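There are 2 protein chains.
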Amino acid sequence: MIYLDNAATTFPKPEAVYEKMDEVNRKYAVNAGRGSYKLAQEASSLISETKSLIRKHMHLDIDASVVFSPSITIALNQIINGLSYREGANIYISPYEHNAVARTLHGIEQRCKVNIRLLPTDPDSYEIDIEKTRYEFVKNKPDYIILNHVSNVTGYILPIRDIFKEGKKYGSINVLDSAQSFGLIDVNPVMDEVDIVAFAGHKCLYGPFGIGGFVCVNSIGLSSFIMGGTGSDSLNLDMPSDSVTKFEPASPNIVAIAGLNAALKVLDIEGNRVHEKELSDYLVNRLSNNKKVKMYLPGNPDNHIGIVSLIVEGYDSNDVGTILDEDFEICVRTGYHCAPYIHAILKDEKHKGTVRIGLSRFNTKEDVDKLVDALIEL
Amino acid sequence: MIYLDNAATTFPKPEAVYEKMDEVNRKYAVNAGRGSYKLAQEASSLISETKSLIRKHMHLDIDASVVFSPSITIALNQIINGLSYREGANIYISPYEHNAVARTLHGIEQRCKVNIRLLPTDPDSYEIDIEKTRYEFVKNKPDYIILNHVSNVTGYILPIRDIFKEGKKYGSINVLDSAQSFGLIDVNPVMDEVDIVAFAGHKCLYGPFGIGGFVCVNSIGLSSFIMGGTGSDSLNLDMPSDSVTKFEPASPNIVAIAGLNAALKVLDIEGNRVHEKELSDYLVNRLSNNKKVKMYLPGNPDNHIGIVSLIVEGYDSNDVGTILDEDFEICVRTGYHCAPYIHAILKDEKHKGTVRIGLSRFNTKEDVDKLVDALIEL
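For the record, the sequence lines run as chains A and B. Residues in the first sequence are numbered consecutively from 56, following the numbering used here. Residues in the second sequence are numbered consecutively from 56, following the numbering used here.
One should not assume that every hint holds.
The list treats identical chains as interchangeable, and a pair is accepted whether it falls inside one copy or across any two copies.
[Stated by the list, open to error] Derived lysine-lysine pairs resembling BS3-like cross-links, with alpha carbons at most 30 Å apart:
#1 K420 - K82
#2 K187 - K425
#3 K82 - K425
#4 K196 - K93
#5 K320 - K346
#6 K347 - K223
#7 K93 - K332
#8 K347 - K320
No lab work stands behind these hints, which were simulated from the structure alone. Note that the coordinates shown come from a computational prediction; the quantities given were computed from them, not determined experimentally.
Whole structure, please, built from the sequences with the hints as guidance.
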């Protein structure tokens, strides 16, 4: 079996992740941060250490507050619903946003009078048009910019630094969705002028399900969205004011955090980047002469990594997925990949979305060869 | 080490839980319900089977829709924020509610004009006064009743059937928080006239962190609270209308679900009930003549199980916890236990809350003896 759905979740994980999860499950899966006994304190230390590792891999110092959430989806809900919007606020997003952002913002749009604006995107290169973006910002000053770092549909690396820097000229609050980038390419919120970064544990970081979160690089007034027990200040009907605790109700998932801890300790971002870039270039190269296959690649190959979306002439994408699974034991994802806007630009609706190949550090050229051979045989 | 903080999270779990989690982690921790490949389908089957087991243990048929959430806290946020409240609606809760309910409702109170009403409670027996409750309902018709089944502070089993049945005379929507009951005593939403039951995986069910949820027994109009990708209907900016999918954005935590699955397969509710009742009666009995110790027990011993809260004269509760940990290697929880209202009735504030002993199926009379000996030695 060849697993190429790594953009959904990386699989497998490093052995250390499995071992650490099992160990913590058996030895100290207790309620961290709430009990004062030693076992609970050990669990708390593991959480602190894991947050330090997140900071380290993002080049951040102790001032950046790391919040753990059960998933990046929940983290993005906490961020987007936690911000307060003035009437008429302009919220810019790219057409590459995932439904964790798009649907959540759509919910905001229904309650508040805000303008959701899509960044101008070139229909041929599928890349954000920076010049037009500048012009848009002049016309409609950006209050918030929320951007996907790497597209989960096409592997396009968005020019976040250019866009966020431009936005900051107008005082925008910048939010980065690093679901498909953190662990794969350098994420540097300070250099990129990001205020809040949301991250996923189970994707490019090779951690487990059940843990994600966000990092507040700069102090942005964010309200609590999810309420509950915090093991502190219990008689207060409001969430505590502490900038982390107010976002972390409920028992922390110490087993998932332990898995993430192990993953972060063996994480080699530069190694992952080099390997996946090589592998995706190899895949693109091998398919580039195939007339039946159309790939959706950013105009500039430097802006591409890890994910290839394609269609096969004469086939619905779902059918390609089924054939790859049943006849070749190759797992890919097909359809719209929870990204509602981009398909109008890719124009892939005739094929009911794309066939998406998501690579990981554990994939090999042999995996890619088998996939390409299968696609040729179709 | 003797672990007596089982009301926070049960520890340890059955061996089968650890084994199943490790197995699924290694073999098919992929994105269930989104990929069409066989591996993803196996993950989906595991989810369906686990939901069937939840239904079975609640005596429900297939019509009851089971929603998985990352925790019961998030489930309660989804329920409480998903309901729509008319102006002036009366929401009854008991003073035993946890902050997952109390703080979330406080958030509602700040946005909507609703009345949060505490059920009348006898200051001597610490029990809900049913007669006074009936009278309250006559005066202020209940629109919603949200009740803790078993108090996480005192182990009091609330008379939910009486209260919910009385509420139904006025057409109330009844929500049960079964965090401390499901798995320990019989939870029968149909008999108890419950519309929605929230449940926790990692407490009395002996499942892992990272999985909880709610069951809609009757069809109550509930809106989505958390938005995100659902692997379906991706081009729609609204959450899908399906009564389960609309509440389950993001990748399901298949590893936690696998652990819950294993836990539910070995779950023996009646066995747990008998064991914990015997053990808590034994603890109460052994401490009842100790003049330094005051226990907060419901007036009727039949309404008590699994948890004992106490204070020790001359000590802050936190200090008792520290001494038990350091000198006797006994883990208990101290403080207010994320329950904001009940302490005004227990009048334990002088001691900064209670020392809480939370029992589990894995505790023994020897554990209780060692705790009691330690308390006597204080």
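Please write out, lowest number first, the hints stated earlier that are contradicted by the structure.
Checked against the structure, the hints that fail are numbers 2, 4, 5, 6, 8, while the rest are satisfied.
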